[in-house]
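Now for the letters of each chain:
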Amino acid sequence: MAFQEPFLDMRDVTVSFDTKTILERINLRLNSGELVMIVGPSGCGKTTLLRAVNRLNEEYPGCVTQGRVRIRIQDKWLDCSTRDFPLIDLRLRVGMVFQHPNVLPFSIRKNLTLPLRVSLGLDKDEAERRVQQALEDVWLWDEVKDRLRDNALTLSGGQQQRLCLARVLALDPAILLLDEPTASLDFKATQKIEALFQSLKERYAILAVTHSLSQMRRLADRVLVLRNGELVAELGREEFEDQESCRAIMEEYF
Amino acid sequence: MASEKWIRRLLCAAAMVSTAAAFCILLVLIHLVLPLFTSGGLGTVLSWQWLPFQGQFGILPMVVGSLLLSLGALVAATPLAVGVSCFVQVLAPDKVRGACLAVVHYMTSIPTVIYGFVSVFLLVPLMRQWFDRGTGFSLLTAMIALTLLILPTIVLVFHATLREVDRTARATCAALGFSRPSYIRRVLLPLSRRGLLAAVILGFGRAVGDTLISLMLAGNAPMIPSSALDSIRTLTAHIALVVATDSQSTFYHSVFASGLILFLIMILINLALRRLGSSLAP
Amino acid sequence: MTSAQKRRLADVATLALCWGAATGTVLAVLAVMGFLICRGTGTLGMELFFGQVHWRDALTGARPVFDGLWPAFAGTLILVVLSCLMAVPVGIAGGIYLSEYATKRFQSVAGFAVDLMAGIPSIVMGLFGFSMVVVLRNTFAPQAKTCLLLASLCIALLILPYLVRTTQNALSGLPDHLRLLGPSLGFTAWQNTRHVLLPSAGRGILSGVILAMGRAAEDTAVILLTGVVARAFLPRSLWDKFEALPFRIYYLAAEHRSSAELDQAFGTALVLLMLTGALFGTAFFIQRTMEHHWKK
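Quick note, the sequences are listed as chains A, B and C, same order.
All residue numbers for the first sequence refer to the numbering used here, where the first residue is 1 and numbers rise by one.
All residue numbers for the second sequence refer to the numbering used here, where the first residue is 1 and numbers rise by one.
All residue numbers for the third sequence refer to the numbering used here, where the first residue is 1 and numbers rise by one.
Hints listed in this document are in silico derivations from the structure and should not be mistaken for laboratory results.
C-beta: ideal position from N, C-alpha, C; glycine also.
Honestly, I wouldn't trust all of these hints.
[Claimed, not checked] Have a look at the derived ranges for each label pair, beta carbon to beta carbon:
hint	chain 1	residue 1	chain 2	residue 2	range
1	C	R105	A	A183	35 to 41 Å
2	A	R227	B	T172	56 to 62 Å
3	C	V12	B	A175	39 to 45 Å
4	C	V12	B	T172	22 to 28 Å
5	C	T23	B	S39	55 to 61 Å
6	C	V12	B	G55	57 to 63 Å
7	C	L44	B	G98	28 to 34 Å
8	A	H211	C	A189	28 to 34 Å
9	C	P175	B	S226	45 to 51 Å
10	B	S226	C	R105	47 to 53 Å
11	B	A175	C	T23	44 to 50 Å
[As the list claims (entries may be wrong)] Within a straight-line C-alpha distance of at most 30 Å, the following computed DSS-like cross-link-like pairs (lysine-lysine) qualify:
hint	chain 1	residue 1	chain 2	residue 2
12	A	K201	A	K188
13	A	K145	A	K188
14	A	K20	A	K76
15	A	K20	C	K104
16	A	K145	A	K192
17	A	K76	A	K110
18	A	K76	A	K201
19	A	K124	B	K95
20	C	K241	C	K145
21	C	K104	B	K5
22	B	K95	A	K110
23	A	K145	A	K201
Chain A with its partners taken away, still in its complex shape (with noise of 0.2 Å):
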């Protein structure tokens, strides 16, 4: 099977705001079809480090990240940290998904298909063809194919952000960014999104921050945590699955 690898390989990504330093010097790499989750305090720059793989931080005023962000599409390693890098490109190989459901206050197919013919300038087929794809990706198609025109506003909280999720596969990424993609949503719609979650981690490379301890032993491969923006300890599966031992190390992190 041509299966491509994804990659990402962050060397000493160092993220400042104004003279403020947000992230120091930080060493990430992601492997294909792997789900690394990012803990830490509150304000410790889990966010900041997800958006430095995309490249969002550069849209607010005053950001300056320094070192090498690589992506790796086909067997070939592009630097996409480079000015030159076009952004939009690298945009659309890494998906993010925010914390909020963020759709936009128009019709549920419009959710999806507004960025492949935006971004990607497909047709109206082509597009219509990845909209049940991804719907079906997230477990939405059944729900929500006969409503379809309807406000994507009418949706519930947990069916908005699997529409949001779905809006982000339709665009075919290789890499997903994952920004505690359930902190505002119920116990129930959380369950489902996680499993979701698992059966996407086989196709993906994903990066999460999470503010759960629960659900990172649900869900991650491996963990890495972070303090004051800086990478104090990674761990493996067999490090954080036993509760106790897991409380143990979180005690001593956070």
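For chain A, the structure is supplied; the task is to place chains B and C on it using the hints.
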């Protein structure tokens, strides 16, 4: 990316229009007032007599009229506005609060000419009856109507500040056992002084700039009033009267000077609001 | 008097001021509206609008309306439409630039100009229009006179700052995660504004536009100096003089010759109040539903 650049330029041009227009207005006014400085007519305009057919074009009575009317309305409107704002934020029962705020919002949309019109037929006869003197068109009449006009402006701006302060302070003070009125007096109002100042300055701007109320109600006699029941003429009404009656263009200098004075007042008000971190626009 | 008594007295005074002010304000508004409704309702009807002329003839302009408010109503509508055509695109574009593209410095300088424009008394805006005519007469267009186009232009300048500010506020009030959505999906800056931010802020901008329309409809001082007259029938071109509702109210209040004309004045005032009231109601409703969407 070429189109991105052009869109950006187009938007930038649109953003410049306001700046350009403000400049244009100032320049045109200065251009038209300038002859006064060169021909020495400045003295005749900045004097106390408006007798155009005898060559006296003094607009100082109008300056005084404008200031008296605006300050008078402000003195009446400020305590009212404070009362309404505190009522809405702290005292009103939930159902009344929304309705009361909606009424205040609605007041901003009532045309000025309607306030003037209703006052002519409702307030003026009353004033004539009560004070049994003059025509009823007076400084006091205009002041009452103007109070109503600027009230919502002051309330809305002040209430915005009040809401922020209330959010941070209410729970604490309630836990400390403050009664609601003493909470308003001791905590809320002292903490929102800056907001009140901004609201009052804004209200002053509205009051000075208003034309229709003073034009319809103040009687328009160009003189210094000796009592609140005397007739006055404001700068704005002066402009309207002189231009609309289409008299000779020798009168126009005084009109442009009035316009320039109003413009300069607005610049001052704007600078003051800037320092307070507030703005004239919504 | 003991301090406890003093405090209680102060409390009562505070309560009295707050309740009194609120009640008084509401009563004053009710008095204004009630008075107009009382005196004006009886005059509402076809005759108020079209006088003795059949409405079909009046609408098509086949016969001029002498004793109705139709020409003033039409004049106001044309004025609102023309000034909005000029001000809305520029205002929204300017607001977008200030919110999404401008540097801090530009924001502060242009923001000052916008605030200043918002503060300029409408009579000064009218005077500006009038002085342009004066300047034109003295230079290359000796036959220049005040007209519908000039009035619309000045009204457009009057409402422009409100449009800029409401657009800017509606856009910059959007939550951060929405602002980053476009870039994260590979949109360019303009694509993000066009497809993500503008639709999300649409209601706020729309209600701003409607409020601006109300402002354009009610303003009297600007048109007073830029070409409104008491009797002009329907304007035939942009260079014509015109009638308008607010001016008709002002004029009839001072110059009514009979009680029938006075009734007309009350009817006209009521019509204008209903017009601006309807615009306000629409904007208010739109704004309420918007807050429901984003301020969860």
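Comparing the hints with the structure gives:
1. C:R105 to A:A183: 35 to 41 Å: Hint holds: Cβ distance 37 Å, inside 35 to 41 Å.
2. A:R227 to B:T172: 56 to 62 Å: Distance hint for R227 (chain A), T172 (chain B) is violated at roughly 33 Å.
3. C:V12 to B:A175: 39 to 45 Å: At 24 Å between Cβs, range violated.
4. C:V12 to B:T172: 22 to 28 Å: holds (24 Å)
5. C:T23 to B:S39: 55 to 61 Å: holds (56 Å)
6. C:V12 to B:G55: 57 to 63 Å: Because 60 Å falls inside the window, the suggested range holds.
7. C:L44 to B:G98: 28 to 34 Å: For G98 (chain B) against L44 (chain C), whose Cβ atoms are near 30 Å apart, the range 28 to 34 Å holds.
8. A:H211 to C:A189: 28 to 34 Å: With Cβ atoms ~32 Å apart, the hint holds.
9. C:P175 to B:S226: 45 to 51 Å: violated (59 Å)
10. B:S226 to C:R105: 47 to 53 Å: For S226 (chain B) and R105 (chain C) the Cβ distance comes to about 51 Å; the hint holds.
11. B:A175 to C:T23: 44 to 50 Å: Violated, at about 31 Å.
12. A:K201 to A:K188: The hint holds at about 21 Å.
13. A:K145 to A:K188: Within the cut-off at roughly 22 Å; holds.
14. A:K20 to A:K76: The hint is violated at about 34 Å.
15. A:K20 to C:K104: holds (20 Å)
16. A:K145 to A:K192: holds (19 Å)
17. A:K76 to A:K110: Given that 30 Å is the threshold and the Cα spacing comes to 34 Å, the pair is violated.
18. A:K76 to A:K201: holds (22 Å)
19. A:K124 to B:K95: Not OK: K124 (chain A) and K95 (chain B) at ~50 Å, beyond 30 Å, violated.
20. C:K241 to C:K145: Measuring from Cα to Cα gives roughly 9 Å; hence the hint holds.
21. C:K104 to B:K5: holds (19 Å)
22. B:K95 to A:K110: violated (39 Å)
23. A:K145 to A:K201: holds (25 Å)
When held up to the earlier numbered hints, the structure conflicts with 2, 3, 9, 11, 14, 17, 19 and 22 and fits the remainder.
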